[in-house]
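Trainee: Take a look at the letters that make up each chain.
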Amino acid sequence: MIDRIPFKLKKRPNPSGLVVMVVSFLALFSAFLVASVIFWAYGTNPIHAYTVLFDGMFGGTNELATTVRRAIPFLLAGVGLALAFKARFWNIGAEGQLLLGTVAASWVALFSPVPPPLLIPAMFFFGFLAGAMWGLVPAILKSKLGVNEVITTLMMNYIAINLVQFLVQGPWKGESQWGFPYTDMYPPQARLATLGNTNVHWLTLILGVVAAMLAYFFVQNTTPGYEIKVIGRSPSAAKFAGMSKVKTTLLVMFISGGLAGMAGVGEVAGIHHMLRGPNQISLGYGYTAIIVAWLARNNPLAVIITSFFFGAILAGGNAIKVSLGLPFQIIDVFNGLILFFLIGSEILMSYKLTWRNQND
Amino acid sequence: MIDAWVVGTLSRALAFGTPLLLATLGEIYSERSGVLNLGVEGMMIIGAVSAFATAFITGNPWLGMLVAAVAGGLASLAHAFVSITLRANQVVSGLALTMLGLGLSGLFGKGFEGEPLTSSIPKVTVPFLEKIPYLGKILFIDKSPFIYFGLILAPVLWFILFKTSIGITIRSVGENPAAVDSVGINVWKVRYLCVFFGGLMAGIAGGYLSIAYRPAWRQGLTGGMGWLVIALTIFSSWDPKNSLTGAYFFGILIHLSYRLQPWVSPELLNMIPYMAAILALAVLSLGPLKRQLGEPSSLTQPYIRGEKQ
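Here the protein sequences come in this chain order: A and B.
Counting from 1, position 193 in the first sequence corresponds to residue 192 in the working numbering; the numbering is continuous, with no gaps.
To convert, count from 1 in the second sequence and add 4; that's the working numbering.
Quick caveat, the hints were computed from the structure, so don't treat them as lab data.
Don't be surprised by glycine CBs; every beta carbon is placed ideally from N, CA and C.
Some hints could be false.
Calculated from the model, a selection of chain B residues having no Cβ within reach of chain A, i.e. all distances over 12 Å [claimed, not checked]:
hint, residue
1, 13
2, 117
3, 144
4, 172
5, 187
6, 299
Ranges between beta-carbon positions, derived for each pair [said to hold, decoys possible]:
hint, chain 1, residue 1, chain 2, residue 2, range
7, A, 42, B, 118, 52 to 60 Å
8, A, 44, B, 117, 20 to 28 Å
9, B, 264, A, 276, 17 to 25 Å
10, A, 60, B, 280, 27 to 35 Å
11, A, 176, B, 270, 15 to 23 Å
12, A, 46, B, 64, 33 to 41 Å
13, B, 63, A, 201, 32 to 40 Å
14, A, 246, B, 81, 57 to 65 Å
15, A, 174, B, 241, 22 to 30 Å
16, A, 198, B, 241, 48 to 56 Å
17, B, 126, A, 46, 29 to 37 Å
18, B, 123, A, 246, 56 to 64 Å
19, A, 178, B, 267, 21 to 29 Å
20, A, 350, B, 63, 48 to 56 Å
Could you put together the complete structure from these sequences and hints?
Mentor: Written out as structure tokens, the structure is:
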């Protein structure tokens, strides 16, 4: 059957940046095209829907601020995932690692003896540590016992969700919250400043950009970073060169989980000022961050751009929900389609479509 | 007192374990052919919502089950196309399918939320057998027919996989596709069919949840069951007959997480199945057990003709 097709695939060993960009844009465009069919099937005019979406993304200062606010957790978690994926560790657990960050931050803010001026740094520090520990469990299980990390990281997400739920409904339930499943409000010194009257907690944003730059430098210019690249590209070559896969995996997951944990700290310290139901804190940020990293082709610097893009989709999706009355799950539809088209189109990057010669 | 408790627990374990069993059986076939499908959660929930919608609109729950199976199967083809034909990463493609499934079910299931279903799959009581002490109560009184479907299907699928030429073909495609290809068997076709079968089974498992087990539809109905299926596939060491033990064991755990709620907070209890899954995977991976697992060698490897695997 293959022989009848008039063209063939030719390997393209190193696709240029331009090829990657063009293919990525094509993939995004196709995903939106298919999504418009879904809008139509739902009885919504797709053109109208996209107008609303775009308005919700960049329509004004408020919309832009919402986009940036949503981009912040994607940025931090996405940089971490880019590193993990680069080392070929399938960390699907950023959601849980992020939630552990919120738990640690809430503990520091509400129950620890940390003096008020040091609250914010301590929250980020312990948030990083908690996320890192949550990420290390699957990393240890993987490198010591060979347990599949996709499953363990995922299971850890469900455990984390239930942990947060347990804390806010049980031992940490606030006395001043009229019976709602929230902790008490953080003291003022544990809250992050925001830009004007927006929700943009700029400190976390800066931390995210710095993390992206550091991660890029780390991968490009340091020995452990180099080892991540080699292990990701060719595990056998890495082994031959005497690189320790165990050490690299643990290091990568420490950073990856830690950055997701910091993303969680930003959400509770910058937006909610308390710990509350996991679904209220994270709209599946850890899962979307997977696509953020993938679209960035695991380049930490590119994550700055892709996280902004997915922040925009989340902001626009909210606008669609509000003004068109569509369920919020439209976001999941977008995300799923985008991811499908992104990976489906990769064959166009690594292979070139050429016409078959007669002698082929 | 104690025996009533045990009988009750085992009886509920069958009810909770059945959707896990059905979806695991499908995933075993998919993975045996070399295709990991992490989209089980997505396919299950698509099955659940389409079963409910069909049963709600037509009043026929059996038609609902059929539509659930077809919907799950069609959803699986998206994964098949992307990962088999386009050779994309199977892990990510499966995740995409789950996201898409959760999104679509939320979107199109919105209108059915909280609606009562008047026609669900009826429960059956088997005459004569119901009178057996203990066993009658566990197995034969007031049971969903899909419990028997799972109980019968598991050994049948084991027989097909290990005792027939179809099974040999499927397993060889998962172990050494190049060799199978060289004797003229279409690797891609076998993989497509196995993934499709996995989709059918996940769809039925979802339908069981929404119109047989407890007739109702809500957002996120599957609640992570699809991920337990992925873990169960490994526990079963890719063998349908072992999946019975695993699925019913997790059925017991899920039942206990409800049963113990008067004493322990539900959130802590909800963690039990997931913790158990991690623990069991870790124990299974300890030295001597690992070798007996039998993971298909070409799992997650796309097949490219003429290239060294």
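Trainee: When the hints from earlier in the document are held up against this structure, which numbers fail?
Mentor: When the structure is compared with the hints, numbers 2, 6, 7, 10, 13, 14, 15, 17 turn out to be violated.
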